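Taken in order, these protein sequences are the chains called A and B.
Counting from 0, one number per residue, gives the positions in the first sequence under numbering that gives the first Met the number 0.
Counting from 0, one number per residue, gives the positions in the second sequence under numbering that gives the first Met the number 0.
Worth flagging that the hints you see were computed from the coordinates, not collected in a lab.
Don't take every hint at face value.
Listed next, the in silico BS3-like pairs over lysine-lysine satisfying Cα-Cα at most 25 Å (straight line) [to be verified]:
1) B:Lys-159 / B:Lys-29
2) B:Lys-289 / A:Lys-224
3) B:Lys-159 / A:Lys-224
In silico negatives: residues of chain A with every beta carbon more than 10 Å from chain B [said to hold, decoys possible]:
4) Arg-28
5) Val-35
6) Ala-36
7) Asp-46
8) Leu-52
9) Arg-126
10) Ser-148
11) Gly-155
12) Phe-168
13) Val-206
Quantities reported herein were computed from a predicted structural model and do not represent experimental measurements.
Every residue gets a Cβ at the ideal spot worked out from N, C-alpha and C, and that includes glycine.
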Amino acid sequence: MANISLIPCGDFKTRYAADTTIFPTRTSRNFAILGVALLLLCPAFMDRYWLNLCIQIGYLGIAALGLNILVGFTGQISIGHAAFFGFGAFSSAWLSNSFGIPVALAIPLAGVMTTAVGMLFGIPAARLKGLYLAIATLAAQYILQDFFSRADWFTGGTAGTIAEPFTLFGYAFDTDESFFYVVLVYVVVMYILATNLMRSRDGRALVAVRDHYLSAEIMGINLTKYRTMSFGISSFYAGIGGALYAHYLQFVSVEGFTILFSIQFLGMIIIGGLGSIMGSLMGTAFMVLLPEVMQAITTALSGTAIDAALNLKDAIAFLREMAIGLVIILFLVFEPDGLAHRWKQIKAYWKLYPFSH
Amino acid sequence: MTLLFQLLVNGLIVGALYGVVAMSFVLIYKASRIVNFAQGEFLLIGAWTCWWLLTSWQLPFWIGFPITLAFMLVFGIVLQVVVLRPMIGEPIISVIMVTIGLSIFFQALMKWMFGVFAKPFPTIFASPTVNIFGLDVQTVYVMSLVISLLIMAGFGWFFKYSRMGLAMRATAFDQQVAQSLGISVRHMFAMSWAISAMVSAVAGVTVGVVNGVSSALSFFGIKVFPAVILGGLDSVAGAVLGGLIVGVLENLAHYLDSQWLNWGNMYEIAPFYVLIVILMIKPYGLFGTKDIERV
Chain A
0 MANISLIPCG DFKTRYAADT TIFPTRTSRN FAILGVALLL LCPAFMDRYW
50 LNLCIQIGYL GIAALGLNIL VGFTGQISIG HAAFFGFGAF SSAWLSNSFG
100 IPVALAIPLA GVMTTAVGML FGIPAARLKG LYLAIATLAA QYILQDFFSR
150 ADWFTGGTAG TIAEPFTLFG YAFDTDESFF YVVLVYVVVM YILATNLMRS
200 RDGRALVAVR DHYLSAEIMG INLTKYRTMS FGISSFYAGI GGALYAHYLQ
250 FVSVEGFTIL FSIQFLGMII IGGLGSIMGS LMGTAFMVLL PEVMQAITTA
300 LSGTAIDAAL NLKDAIAFLR EMAIGLVIIL FLVFEPDGLA HRWKQIKAYW
350 KLYPFSH
Chain B
0 MTLLFQLLVN GLIVGALYGV VAMSFVLIYK ASRIVNFAQG EFLLIGAWTC
50 WWLLTSWQLP FWIGFPITLA FMLVFGIVLQ VVVLRPMIGE PIISVIMVTI
100 GLSIFFQALM KWMFGVFAKP FPTIFASPTV NIFGLDVQTV YVMSLVISLL
150 IMAGFGWFFK YSRMGLAMRA TAFDQQVAQS LGISVRHMFA MSWAISAMVS
200 AVAGVTVGVV NGVSSALSFF GIKVFPAVIL GGLDSVAGAV LGGLIVGVLE
250 NLAHYLDSQW LNWGNMYEIA PFYVLIVILM IKPYGLFGTK DIERV
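Kindly produce the complete structure, drawing on both the sequences and the hints.
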């Protein structure tokens, strides 16, 4: 079964291994490898602008995946993800600046530090669920934001902090072209890790906690352990994403990690699809490209009557925020399963292509 | 010592406003089990509407204010019917996210329409301060306290004696039973949003008169969470008490901070530390009902 090249019209799996495999067919695996290979060529023909967007999608996508593990797979709500993302950024900069730890090592260490902080705020998570947890993480968002602006030794206070570029064996990845590869490697590794996590015993436990936590507990799943673990994993991903962000921009300022940013993360996973690994990346791409598309529309409309009536040029910042809110609402009302679901439907259509009934 | 006393009075006045907003938050939660993250935006929209009526149309306060309230009533109903009604039966995260989406949408819309800078209300009272027991208290504060108390009393009467209030309580208690008694649950949901929007707008206008209208008003919607968690999510009386405690507490924290600690910004952050502590010790608040789950 593992060696067929096309998906059969129906479910003919006879072993659990076939059900949990990452790539159901040879073709899908080849396509995934081909996709990564094509991405490797990107810096050769993309200009800086597009590379910048791709890198953004990369590091935000890692953090969004973390949030999706927490929200989509474990069913815990976090409204403080941006604060953890920020913590990762600052810790990586702090580690490499204050202790001279090489950046390549500081990034995973920043992930570990963020995990520790995430677990700290995850202690209430062990007892709380749903709504109460949402409010607890809201508090975490404000407390951490306040901490950033106050802890001069850690974040450089209001002035922000400089982060070293990513270097490996003396080669500095300080251009968009080279940093693209760093992000790509991290994205591939982190996404494979998450996919494998979800195939494992622990991953299934997380999903069980989401689907019905009482039944899960009765089946012998330790709720406290898995809720806290999920919080920790999610913070780890946020920390890695944040650290990559820090070493990409080479500067971290305290202002960026607001609640709006947290909501944007939630928007990404809702648009992409809660409980879908690749959906996280699709949602991130959507969220990153949304302002660009809006910018393009505004430019296209400039000079017309609509522009004159609404004064679009000055309004673009607010229009972006409005679009984020609107997109979240529209997706929840009309496509609650997100882009990943759409993608599945497209695939299902082609699976049965000429005879779809 | 005078400073401390002044801060306590301030805390009680602001706390009463928190209580009012928390009450309207609890109203929605009780009736429809929706946690409304857009509560602060109700304040914002109400305040801006009133400000717009008073400045652009030059209406006197006693005409502009009722128009604002009427608008908020309609706004609340429309919002519930158009956005929240399709969400009935969806998982809790979806509903929370819809209200968060609404919150950032309206916040940005208001910034777009009215700008980002605080704008002062036209003067409503002839004398800016009144002297109460030797303390200079701003007239608007007195007004806000009176309004808050009136709203609280009004809520008390509404839920105890009025037909609709009783119907609403029945709906909150058990939707199916309420329906079998001939109460229109959909109607009650819409009304709870309408009343909540209206009451929040009163608070919004009051704060607007004191501090000027700006998007900072929507922070009230966030500050409400410590208050309602402290009081218990589904307790109206708890919401009032929680609001008062949070109001006094943040002023005390401010006092402590300005006198000894000098950390800065404690005024804003202290309630959130308290929130975390409460959630750890007593997650259902002082008066909230504890969820008992049966399989």
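Per the stated criterion, does the least C-beta distance between Gly-155 of chain A and chain B lie above 10 Å, as a non-interface residue requires? Gly-155 of chain A is indeed farther than 10 Å from all Cβ atoms of chain B, at 16 Å.
Keeping to a limit of 25 Å between CA atoms, is the pair of Lys-289 of chain B and Lys-224 of chain A held or broken? holds, 23 Å
Decide, holds or violated, for the assertion that all CB atoms of chain B are farther than 10 Å from the CB of Phe-168 of chain A. Non-interface label stands for Phe-168 of chain A: nearest chain B Cβ at 44 Å, farther than 10 Å.
Please work out if Lys-159 of chain B and Lys-29 of chain B have their alpha carbons no farther apart than 25 Å. holds, 15 Å
Does Ala-36 of chain A clear chain B by more than 10 Å, comparing its Cβ with all Cβ atoms of that chain? The claim stands: Ala-36 of chain A keeps its Cβ more than 10 Å from every Cβ of chain B (closest is about 36 Å).
Holds or violated: is the Cβ of Arg-28 of chain A farther than 10 Å from all Cβ atoms of chain B? holds, 33 Å
Outside-interface status for Val-35 of chain A - nearest CB in chain B farther than 10 Å: holds, 32 Å
Taking the shortest Cβ-to-Cβ distance between Val-206 of chain A and chain B, state whether it exceeds 10 Å. holds, 14 Å
Non-interface claim for Asp-46 of chain A versus chain B (Cβ beyond 10 Å): holds, 31 Å
Holds or violated: are the alpha carbons of Lys-159 of chain B and Lys-224 of chain A at most 25 Å from each other? At roughly 45 Å apart (the allowed maximum being 25 Å), Lys-224 of chain A and Lys-159 of chain B break the hint.
Against chain B, does Arg-126 of chain A hold up as non-interface, every C-beta pair farther apart than 10 Å? violated, 6 Å
When you look at the beta carbon of Leu-52 of chain A, is every beta carbon of chain B farther off than 10 Å? holds, 22 Å
In terms of the numbered hints stated before, the structure departs from hints 3, 9, 10, listed from lowest to highest.
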